[in-house]
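Position 8 of the sequence shown, counted from 1, bears residue number 8 in full-length UniProt numbering, the numbering being contiguous throughout.
Any given hint might turn out to be false.
[Said to hold, decoys possible] Under the rule of at most 30 angstroms between Cα atoms (straight-line distance), these lysine-lysine pairs were calculated in the DSS-like manner:
#1 LYS171 x LYS54
#2 LYS24 x LYS124
#3 LYS72 x LYS83
#4 LYS124 x LYS113
#5 LYS124 x LYS83
#6 LYS50 x LYS83
#7 LYS124 x LYS72
#8 LYS113 x LYS127
[As the list claims (entries may be wrong)] Estimated spans, in silico, between C-beta atoms of each pair:
#9 TYR74 x GLY149: 33 to 43 angstroms
#10 LYS54 x THR166: 14 to 24 angstroms
#11 GLU154 x GLY42: 33 to 43 angstroms
#12 GLY86 x GLY174: 35 to 45 angstroms
#13 ARG151 x ILE60: 33 to 43 angstroms
#14 GLY136 x GLU43: 30 to 40 angstroms
#15 PRO121 x GLU150: 12 to 22 angstroms
#16 PRO121 x GLY174: 21 to 31 angstroms
#17 GLU68 x PRO126: 31 to 41 angstroms
#18 GLY63 x ASP128: 27 to 37 angstroms
#19 GLN79 x ASP128: 33 to 43 angstroms
#20 PRO53 x TRP80: 12 to 22 angstroms
Read the hints as simulated data drawn from the structure, not as lab findings.
Everything numeric in this text was worked out from a predicted model, so none of it was measured.
All residues carry an ideal CB built from backbone N, CA and C; glycine is no exception.
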Amino acid sequence: MSFPIVILAGGKSTRMGREKPVLKIAGREMLLWVYGAASRIGETTVALSKNTPKTRELCIREGIPFIETPRKGYVEDVQWLLKEFGPFVSSSADIPFVTPSDFYAIEKAFDGKTSLTGVLPLEKVPKDFNPLVYKGYAIVGLNAVGFEGERFFELENPLLALNVNTPEDLKLAGRIAGLMKPKNTRKSRRSLEKN
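Given these sequences and hints, build the entire structure.
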């Protein structure tokens, strides 16, 4: 079963002080890294709010589908999106190293009912990262949203633990990107569509 993918990109970015989705990593806006991976797996929409006008402009310029949430708060917006889309896979716009395989793994495990919270065992988290830790796991910004309950879902990609929230995180992401060849770009997506 295929579920829609929604990239959450409507937050205030208070710790960063600027709209995070449009900040560049290795010359490309962070949103394009995430969208490039998600759109290889399925129908993908970006959820915006009045807090992210530059992200809206980026979506229009790149031809990326988007929807504007009421922006009453994270939980309220997710509930609103659940009413709009039904069960869906969600990703935050600030996990630039998410891969198509990560989206595929969580979608495959999702039954459309029980929500899945993407996590990494702490031993998989690189030492320079500072993830949100809950119940002995690093919480990552990749989830599946359903109507009944919630459980953790262990992912494999250690780079998911880098949630770009601060200028220091952005610098670290730039260093990591410099060490790897970008795989999830809009250009490569367009190349895939031609084949």
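Taking the hints in turn, this is what the structure says about them:
At roughly 21 angstroms between alpha-carbon atoms, LYS171 and LYS54 fall within 30 angstroms of each other, so this suggested pair holds. For the suggested pair LYS24 and LYS124, the alpha carbons sit about 26 angstroms apart, so the restraint of at most 30 angstroms is met. Distance hint between LYS72 and LYS83 is fulfilled; the C-alpha atoms sit about 15 angstroms from each other, no more than 30 angstroms. Proposed proximity of LYS124 and LYS113 is supported: the alpha carbons are some 28 angstroms apart, at most 30 angstroms.
At roughly 35 angstroms between alpha-carbon atoms, LYS124 and LYS83 are farther apart than 30 angstroms, so this suggested pair is violated. Distance hint between LYS50 and LYS83 is fulfilled; the C-alpha atoms sit about 20 angstroms from each other, no more than 30 angstroms. Between LYS124 and LYS72 the alpha-carbon distance is near 34 angstroms, which puts this suggested pair outside the 30 angstroms criterion. A hinted pair counts as satisfied when its Cα atoms are at most 30 angstroms apart, and LYS113 with LYS127 does not qualify at roughly 35 angstroms.
Our hint of 33 to 43 angstroms for TYR74 and GLY149 is violated, since their Cβ atoms are close to 19 angstroms apart. Remark: the range hint 14 to 24 angstroms for LYS54 to THR166 is upheld by a beta-carbon distance near 19 angstroms. Distance hint check for GLU154 and GLY42: the Cβ-Cβ separation is about 22 angstroms, which falls outside the suggested range of 33 to 43 angstroms. About 37 angstroms separates the C-beta atoms of GLY86 and GLY174, a value consistent with the hinted range of 35 to 45 angstroms.
Against the hinted window of 33 to 43 angstroms, the Cβ-Cβ separation of ARG151 and ILE60 comes to about 37 angstroms, which satisfies the hint. Between GLY136 and GLU43 the Cβ separation comes to about 34 angstroms, which falls inside the hinted range of 30 to 40 angstroms. A C-beta distance of roughly 18 angstroms is found between PRO121 and GLU150, which places it inside the suggested range of 12 to 22 angstroms. The supplied range of 21 to 31 angstroms is met by PRO121 and GLY174, whose beta-carbon atoms lie about 26 angstroms from each other.
Range check, GLU68 to PRO126: about 35 angstroms between beta-carbon atoms, so the 31 to 41 angstroms window is met. At roughly 35 angstroms, the beta carbons of GLY63 and ASP128 sit within the given window of 27 to 37 angstroms. Range check, GLN79 to ASP128: about 35 angstroms between beta-carbon atoms, so the 33 to 43 angstroms window is met. With their beta carbons about 20 angstroms apart, PRO53 and TRP80 fall inside the hinted range of 12 to 22 angstroms.
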